[in-house]
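**Q** Residues 76 to 183 (my numbering) make up the sequence shown, in order.
Calculated directly from the structure, the hints in this document are not laboratory data. Some hints could be false.
[What the hints assert, rightly or not] Derived DEER-like restraints, expressed as beta-carbon distance ranges: (1) Leu-118 x Asn-81: 18 to 24 Å; (2) Ile-147 x Leu-180: 33 to 39 Å; (3) Gly-158 x Glu-97: 54 to 60 Å; (4) Arg-136 x Asn-81: 39 to 45 Å; (5) Leu-173 x Leu-118: 27 to 33 Å.
[Claimed, not checked] Pairs of lysine to aspartate or glutamate, EDC-like flavour, derived with a Cα cap of 20 Å: (6) Lys-122 x Asp-100; (7) Lys-122 x Asp-90; (8) Lys-130 x Glu-182; (9) Lys-122 x Glu-182; (10) Lys-133 x Glu-117.
All values derive from a computational prediction rather than experimental measurement. Glycine residues also receive a C-beta, built at the ideal position from the N, C-alpha and C atoms.
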Amino acid sequence: MGDGINDSPALSEADVGIAIAEGADIAREIADVTISENDLNELVTLKQCADALMKRLKHNRNFIVTFNTGVIVAGAFGLFTPGLSAILHNTSTIAICLHSMRNLLPEA
């Protein structure tokens, strides 16, 4: 994390470089994330957002793999027609996309 020219090398080498919005232009350019407030409490919000995103990704992956595996197995045993399998697959994809569009963090 940095805000000055002297922080730029560290920001470029970090796994995730974080700069403050009112810092040097080069620090903001090199950083992966720029915090728009000059309040370090925004780091907590950033961490909460990252954790919520990872939780959502894991949930979506688990749901889609489980659901589509069930559709494939049902299709393999002749319980679903190919057309129904395609519709269920596409519907699950749309459902996951819609689920992913929800806010990551609750409204303040």
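**Q** Does each hint hold? Answer for all of them.
**A** Hint by hint, here is what the structure shows:
no.	hint	result
1	Leu-118 x Asn-81: 18 to 24 Å	holds, 20 Å
2	Ile-147 x Leu-180: 33 to 39 Å	holds, 35 Å
3	Gly-158 x Glu-97: 54 to 60 Å	holds, 58 Å
4	Arg-136 x Asn-81: 39 to 45 Å	holds, 41 Å
5	Leu-173 x Leu-118: 27 to 33 Å	holds, 30 Å
6	Lys-122 x Asp-100	violated, 24 Å
7	Lys-122 x Asp-90	holds, 14 Å
8	Lys-130 x Glu-182	holds, 18 Å
9	Lys-122 x Glu-182	holds, 16 Å
10	Lys-133 x Glu-117	violated, 24 Å
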